[in-house]
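Fit chain A to the known structure of chain E by using the hints.
As you go down the protein sequences, you meet chains E and A in turn.
Residues 5 to 83 (the numbering used here) are what the first sequence spells out, left to right.
Residues 576 to 949 (the numbering used here) are what the second sequence spells out, left to right.
Calculated directly from the structure, the hints in this document are not laboratory data.
It is possible that some hints are incorrect.
[Unchecked claim] When the alpha-carbon atoms are kept at most 30 angstroms apart in a straight line, the in silico DSSO-like pairs for lysine-lysine are as follows:
#, chain 1, residue 1, chain 2, residue 2
1, A, Lys623, E, Lys35
2, E, Lys35, A, Lys626
3, A, Lys743, A, Lys626
4, A, Lys622, A, Lys711
5, E, Lys35, A, Lys743
6, E, Lys35, A, Lys901
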Amino acid sequence: MKRTLRYRLSLLPLLAILGLSACGPIEPWVKPYERDRLADPIMALDGDPVSSSYLQHVFEAREGARGGEGSAGGGCGCN
Amino acid sequence: MTLSALLLAMVGSAFAGVLPEDRADVLYHLYDGGGVQIDGPSILVRKKVGKSVSLVGNYYLDMVSSASIDVITTASPYTEEREQWSLGMDYLRGNTTMSVNFVSSVESDYDAETVSFSVSQDMFGDLTTLTLGYAKGTDLVRRSDDPDFERDLDKQVYSVGLTQILTKNLISTLNFETMTDEGYLNNPYRSVRYADSGSALGYSFEPELYPNTRTSNAVGIRARYFLPYRAAIEGEYRYFIDTWDIEGHTASLSYIHPWGDFTFTGKFRYHNQTAAHFYRDLFPGSQATNFRGRDKEISPLTSYTFMLKAAYEFLNDDGNDWGFLKRGSVSASVNVLHVDYDDFSDLTALAPIGSEPLYQLDANIFQLFFSFWY
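Extracted from the complex, chain E is given alone in its bound form (with noise of 0.2 angstroms):
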């Protein structure tokens, strides 16, 4: 029964980009033109890197956590 459920599971990721791609490329809802706040400096994630990645420092150093504060990307696609 469980190796019934995980093989299940484990067929999802393929189900889920079949039926993306049966949808068709998807269009960006969000358009170019409709980007100007977004491309606004106060939107950056992360807008000061040297101190950001300072102060990620400070708190790797004072707390048992650390990992998954990474900006990934950081564009917003607005150039």
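Frame of chain E, contents of chain A only:
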């Protein structure tokens, strides 16, 4: 010493679809609290070479003067320096950015080298950025009082990040990171406390002994929203768990408010964690367990941080000729950190064994930095 914060920032710094802006930052940092003072500069320079390559270099220095609770309990105050260099390159091809970074950190008794790679891909009309990262660190741990002492520590980081534009006012990120450590994870100077009826205090100290491996998983989610009157609000949450049984929750809330050429930021951060399974404030006897640690960073604790930052843009794109400079700003920030330890006694109080007060840490973190875009 932890390198992973800097290492993670490197892994996560890739911008897909467009190269990062050319910029230079000069920062002075000061940490002051719990008997420890750490200060020094950090200098970053980033420059494009042609249309598809961006190079980045960073120099960072910590000047440490420590008389912390750990140090004054079992050792002598000390001063030391940590010097760190890093070099990186981003290569843009179509909607894909490939990044490579090298970091080298040197202390009198600790050397660390880290190489990291990441690939970022823009998708779905640039609404989505997927980043895959890998980093490998090689550390060498030594003792200042024993020239023959050398131990290895290997670190690896696997990361997956997703940045998603949700609406024209809302952007979010989801990050997942697995880290593995293998090697000498002790601090060679730190001790644990155990009950000893033969001692006048009722306790004695012996060296700590950590497991040789640690694997941790962290998942973080962050969202930033543009408010109707040109201001922004950001929320962040991170869940952490590792094979030492440390489980942590970290949450923060930020508010960013521009006013003329100024930008003000306020932030509150909360962190709570459980203890490592081999942590004890007081062990029942000498060598009572297979592994033993009394490092307050792996004890159960709650920390609170308030941050205020002001940035002033003294050069901007106003049509004037500033030579090769496009923009320039100066920023100052203060972080006020308070940590409540639930199971770490303050032995400096010299109270009878078992009735010592719990330790609390208060620290102020100052930063002053200039940024130039060109």
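Verification of the supplied hints:
For the given pair, A:Lys623 sits about 28 angstroms from E:Lys35 by alpha-carbon distance, which is consistent with the 30 angstroms threshold. The suggested pairing of E:Lys35 with A:Lys626 holds, with an alpha-carbon distance near 25 angstroms, which does not exceed 30 angstroms. Taking the CA atoms of A:Lys743 and A:Lys626, the gap is about 28 angstroms. The hint holds against a cut of 30 angstroms. Proposed proximity of A:Lys622 and A:Lys711 is supported: the alpha carbons are some 25 angstroms apart, at most 30 angstroms.
Taken as a hint, the E:Lys35 and A:Lys743 pair is honoured in the structure, with Cα atoms around 8 angstroms apart against an allowance of 30 angstroms. For a cut-off of 30 angstroms, the pair hint linking E:Lys35 to A:Lys901 stands: about 28 angstroms separates their Cα positions.
Figure legend: structure checked against the earlier numbered hints; every hint is met.
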